[in-house]
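Trainee: So the chains spell out like this:
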Amino acid sequence: MRLEVDIRKTLHSRDRSFVLEASFSSQDDLTVIFGASGSGKSLTIQAIAGLVRPDRGRIAVGGELLFDDSQGVDLPTRERKMGYLFQDYALFPHLSVQENIAYPLKKTWCFGLLPEQRQEVAEIMAAFEITHLAQSLPDELSGGQRQRVALARALIKKPSILLLDEPFSALDSMLRHRMRLELLEIRQRFAVPLVVITHDPADVEVFADTLVVFENGGVKEVSRRRQQPEPVHANVWRQKVCWRAKWEQEQQAQAA
Amino acid sequence: MPDLFPLWLTLRIAFFATLIAFGFAVAFAWIVARFTFWGRDLLDAILTLPLVMPPTVLGYYLIVVWGRNGWLGGWLYAHLGISLMFTWQGAVLAATVVAFPLLFKSARAAFEGVNTEYEKAARILGDNEIQVFFRVTLPLAARGLVAGTMLAFARAMGDFGATLMIAGNIQGKTQTAAMAVFDAVQVGDYTLANTLVGIMSVVCITILVMTNKLAARRVNYET
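Protein chains in written order, with my numbering: chain A, 1110 to 1365; chain B, 148 to 370.
Do not take every clue at face value.
As the list claims (entries may be wrong) - Chain A residues, not near chain B, derived (Cβ > 10 angstroms throughout):
1) 1117
2) 1162
3) 1232
4) 1254
5) 1287
6) 1294
7) 1364
As the list claims (entries may be wrong) - What follows is a list of derived Cβ distance ranges for each label pair:
8) B:182 with A:1164: 13 to 21 angstroms
9) A:1284 with B:182: 36 to 44 angstroms
10) B:188 with A:1132: 36 to 44 angstroms
11) A:1330 with B:171: 51 to 59 angstroms
12) B:199 with A:1165: 46 to 54 angstroms
13) B:195 with A:1117: 36 to 44 angstroms
14) A:1281 with B:199: 49 to 57 angstroms
Claimed, not checked - Far from chain B, by Cβ distances over 10 angstroms, these chain A residues were calculated:
15) 1119
16) 1228
17) 1281
None of these hints come from the bench; they were simulated from the model. Since we're looking at a predicted model, the values are computed, not measured. Beta carbons are placed, not taken as given, at the ideal position from N, Cα and C, and that holds for glycine.
Turn these sequences into a full structure, and let the hints steer you where they fit.
Mentor: Structure follows, in structure tokens:
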């Protein structure tokens, strides 16, 4: 999956303005966009999903042009065929788990789902082991269950790419590790490329085949796991994002 | 048995007034809640104005606009031969205007209470803007809208001044419960006054209690 982003967007608030100038591309199916909060990474994936309109630039996913101001292309969000996992999952609070998952399939109120759609919902609920929760409301679920429901809802229409906004930040650390592994499995099963934005170095270790580091509204560095010296020494990879390792490196350099 | 025609008329007027106010209030509230534009605060103030202005002033405005020589009323009378003056439809107009701000305010708060993230999620899941509104925004704002509607209905039932200005106080035609109470007290018919006051009080208290219950339960969705 090829992801190409080259956008510019200025945001104004009362007394300051923020300029995002993001340009990077990725050819891997696992891309991590890493940066502190306020570095522009959220804005970037919102632009990919079509929730935010860049002032200028170009966005293409898998060869399909989604946005290009010079050609006047700006595909509406609903036509971009994206999967998107919100930070707090954004499960519709007035709908049951089953209705949430069926949401993208059902386009009217009055008619129920077709039998094959019902089958589809049942299958994906079974795949995520949430069949027993079908009638529950999102309020009644635990963090891990909510994430599974949100993933099932995002994946039922077989999106071309799945964008995840800080996917594990709402979970406690024990659960976080398990959900990371689950997400890797899901990626395999649904063969969907992932773009994960995060400020957690652990996510980088697990998910980054391509790592894009954001800083102050710009791309600081793009690196690929494949191009790291073999065998991939965990520390080399971690040094890019782990402040402790970076600090130690600097200390050593100073000592030498 | 006292003449209960004013009561039925009041309910009929309040029903139609609430219906009309609902349509306009929801549309304006959605626009004001979801978009930022020049003059938004002014628009909000104008739409809230009937809440604070003396009802007779409102009634005067209504005559200026809808009277036989008014901006809209003049056209209606000249082309269709219709006049709203001194008709129960005119009373509906007055009740609509006085009830509108209550619905508008509640609807605005209800729409602003809906986290826009749900709307974004719906768009990503393939909804167009109309679907987003009817499948996500409206259901999530429903409790606030129902509460506002009930308040508006109660207010529409109780209007006196604006209705008097435009529809008059014609017994058996435009005399609402509020006016019948006034007349009954004037002529010393306390049986009729007590009956009407009693029924209206019970209806209004019921509506307010139900509104409070709805408002208390609404908290769930507001995150």
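Trainee: If a hint holds in the structure, say so; if it doesn't, say that too.
Mentor: A quick look at each hint next to the structure:
1. 1117: The assertion about residue 1117 of chain A holds, with a minimum of 22 angstroms to chain B.
2. 1162: holds, 13 angstroms
3. 1232: holds, 18 angstroms
4. 1254: holds, 17 angstroms
5. 1287: holds, 24 angstroms
6. 1294: holds, 23 angstroms
7. 1364: holds, 49 angstroms
8. B:182 with A:1164: 13 to 21 angstroms: Taking Cβ atoms as reference, residue 182 of chain B and residue 1164 of chain A lie about 20 angstroms apart, which means the hint holds.
9. A:1284 with B:182: 36 to 44 angstroms: Between residue 1284 of chain A and residue 182 of chain B, where Cβ atoms are some 39 angstroms apart, the hint holds.
10. B:188 with A:1132: 36 to 44 angstroms: Once the Cβ atoms are compared, 39 angstroms apart, the range 36 to 44 angstroms for residue 1132 of chain A and residue 188 of chain B holds.
11. A:1330 with B:171: 51 to 59 angstroms: With a Cβ separation near 55 angstroms, residue 1330 of chain A and residue 171 of chain B satisfy 51 to 59 angstroms, so the hint holds.
12. B:199 with A:1165: 46 to 54 angstroms: holds, 47 angstroms
13. B:195 with A:1117: 36 to 44 angstroms: Roughly 41 angstroms apart at Cβ, these two residues keep to the hinted range, so it holds.
14. A:1281 with B:199: 49 to 57 angstroms: holds, 51 angstroms
15. 1119: holds, 17 angstroms
16. 1228: About 19 angstroms separates residue 1228 of chain A from the closest Cβ of chain B, which puts it past 10 angstroms; holds.
17. 1281: holds, 19 angstroms
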